[in-house]
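If you read the protein sequences in the order shown, they are chains A and B.
Going by the numbering used here, the first residue of the first sequence is number 1, and it counts up by one from there.
Going by the numbering used here, the first residue of the second sequence is number 1, and it counts up by one from there.
Wrong hints could be hidden among the right ones.
What the hints assert, rightly or not - Residues of chain A placed beyond 12 Å of chain B at every Cβ, according to the derived structure:
id : residue
1  : Arg57
2  : Leu59
3  : Asp61
4  : Ala139
Stated by the list, open to error - Quick look at which bits of chain B chain A covers, simulated, 3 or more residues with Cβ under 8 Å:
id : region
5  : 24-35
6  : 44-58
Don't read these hints as lab results, they were simulated from the structure.
Here a beta-carbon is modelled for each residue, glycine too, at the ideal position from N, C-alpha and C.
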Amino acid sequence: MTSQPAIGERIYRGLLRLYPAEFRDRFSGEMVLLYRDKLRDARKGGASGGTVSAWLRLLGDVVVTAPSEHLRRNRTVAHSLASAPPISTRALGVAGILTGAVILVAFVIELPQELFPPRIVVMILGSIALILAVHRRQAAIGPTLALIGAVPALLANACYLVLIVLSMTGNGRIFAGTYGLALFWVAVALWLSIAAFGAVTILIGAVSRFGAIVLTLGALLTLTGIDRLGLVSESAPTIFNTLSQVGIILLALGWILLGIDVALRRTPQPLSP
Amino acid sequence: MEAGAEPRSLPPISRTAFHVLVAIGPEERHGYAIMHEVARITNGATRLGPGGVYTTIRRLLDDGLIEESDERPDVDVDDQRRRYYRLTGLGRAVVAAEAARLESLVEAARPWALEDFG
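Excised from the complex, chain A in its bound form (with noise of 0.2 Å):
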């Protein structure tokens, strides 16, 4: 009988993990003691069909606001007291929400040959652009942390750019000659530092978390296909090409979702009460 209420707290502790971490460290404690007061006045009501009652309640509310918390994280009540993104960043946002609809119609359309190394230096270019933007947003709640995800992701990009505009001017075989290894090593560090700078996004937030899931899961499971071209070893197993045209997939969509996100959503503007 006496072990009944912590049980019952311990599982609405538990459903609180559902909200997201920044709403939980501030409120958790405070919507604890609610929990308590509500679950008395239930039981103060005499029937057991009053607790039950309170529960259905008490998990209603959590599986309404919980997601609603997710997805309206950094919204405001009144729209208008908050700021719309500016046009600089609605313009990298749009510049990632393009990579990620040029990765996946490459994914999609067999481009031809010459096509190829110019839809990588759009895709390149996009996303410089969108994680300057991200970068933009997280700088604000933990520069140093933002700063170590966008940086070795901007480097390796930016690397991955001058190989392929170099091998270009070559003999316009992009993953052949000179270049051909160098290209190799650096796409396996632009992968792992998009992974890094996904997590880093899905740490700070402040933008969308399920984008920066996306995104992380797209990085990683494409450095799995990475020697598809056998640039390394003679025979890559073909796992790999499936699981990296997963990641491809995933890729494309982080993109475009952190690119609406940067683009759409509005910030809320410091006010003076």
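Using the hints provided, position chain B relative to the given structure of chain A.
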């Protein structure tokens, strides 16, 4: 936006946010009291759970419409972890603006929609 802005120029807010602001009113209230007050002023039509109360409180805090009071309850009277919230000047202005909006809607509806209800 300033607290002294013309009430009608202030933006509309969600119904739940308005309920919570009105429930806090001129007092300092904690979550449980806000939850009860919302149920009371809406005649039980709106019953917020802990998630509903605190997600709304968070947004109102972020918008600067309410603030946390420094006061803590006496340890003999209440749990010291309870936090109390009160309206800011901007919060009061937003409530006034919303009330004026609702009042003008009621005035527009009264001649025909409410005639059967006296």
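Results of checking the hints against the structure:
1. Arg57: Since the minimum Cβ distance to chain B is about 6 Å, Arg57/A lies within 12 Å and the statement is violated.
2. Leu59: It is violated; Leu59/A is separated from chain B by about 9 Å at its closest Cβ, not greater than 12 Å.
3. Asp61: violated, 3 Å
4. Ala139: Nearest chain B Cβ is 19 Å from Ala139/A, so the label holds.
5. 24-35: holds (count 4)
6. 44-58: holds (count 12)
Comparing the model with each earlier hint shows violations of hints 1, 2 and 3; every other hint is respected.
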